[in-house]
Amino acid sequence: MKKNVYELALIKVQQEQTTLEKMLQEKNVKKRELESFFEREKELQKRIKTLMEEEKQISPSILILNTEISSIDKEKINKQLEVVNKEILLLKREYLRIKNRKEKINEQKEKKEKELEEMKTTKELKLIQSDYVSKRFLEKEGGTFEG
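Heads up: the sequence shown is residues 3 to 149, going by my numbering.
There could be a bad hint or two in this list.
Here are the simulated EDC-like cross-link-like pairs (lysine to aspartate or glutamate), alpha carbons at most 16 Å apart as the crow flies [what the hints assert, rightly or not]:
#1 K32 to E96
#2 K101 to E18
#3 K29 to D75
#4 K76 to E43
#5 K24 to E89
Pairwise CB distance ranges (calculated) [what the hints assert, rightly or not]:
#6 F139 to R99: 42 to 50 Å
#7 K137 to E117: 24 to 32 Å
#8 L98 to F39: 24 to 32 Å
#9 K106 to L129: 31 to 39 Å
Everything labelled a hint here was simulated from the structure, so no lab data went into it. The beta carbon of each residue, even a glycine, is placed where N, CA and C say it ideally should be.
Produce the complete structure using the sequences and hints provided.
Set out below in structure tokens:
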């Protein structure tokens, strides 16, 4: 069976859409992983605070070192998170573009099918009229009409 242009275009768009959906899922997983770092970091800070209160002997230099390491990690994670969020935004835009393209293809396909149906109906009507005129002419001339 020969596929028409619209069906092939829809298949291509569907493949692009599926690919983008997978990419979006991967980026969202990465985003959750990066965000989970902050959750773990909060938990660690709570534990450190609890330990500090219990021990009361931790030197200020260890606290300063812990804060510096934490802020460097936070900056790094925030940059990665920012990049992932931008990538997600771009993927969502592309997804919407493809979705709109798919809708336009469907509209064009429906329009073309409607036009073809109208052309077919018009052609059938003209054939019927032509047959009727031919039949009337033959009847006038005294002939018979055979299919």
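Worksheet item: Taking 24 to 32 Å as the hint, is the beta-carbon distance of L98 and F39 inside that range?
Response: holds, 30 Å
Worksheet entry | Range hint compliance [Cβ, K137 to E117, 24 to 32 Å] | Check passed, 30 Å falls within 24 to 32 Å.
Fill in: Pair hint K76 and E43, alpha-carbon separation not exceeding 16 Å
Roughly 9 Å separates the two Cα atoms, so the pair holds.
Practice prompt. Please work out if K32 and E96 have their alpha carbons no farther apart than 16 Å.
Written response: violated, 19 Å
Discussion item. Holds or violated: K101 and E18, Cα atoms, limit 16 Å.
Written reply: holds, 10 Å
Practice prompt. Decide if the proposed pair is consistent with the structure: K29 and D75, CA atoms, cutoff 16 Å inclusive.
Written response: violated, 20 Å
Fill in: Given pair status - E89, K24, alpha carbons within 16 Å
The hint holds at about 13 Å.
Item to complete: Confirm or reject the claim that F139 and R99 have a C-beta distance inside 42 to 50 Å.
Response: violated, 59 Å
Practice prompt. Can you let me know if the beta-carbon spacing of K106 and L129 is within 31 to 39 Å?
Written response: holds, 34 Å
In this structure, the earlier hints numbered 1, 3, 6 are contradicted, and the remaining ones agree with it.
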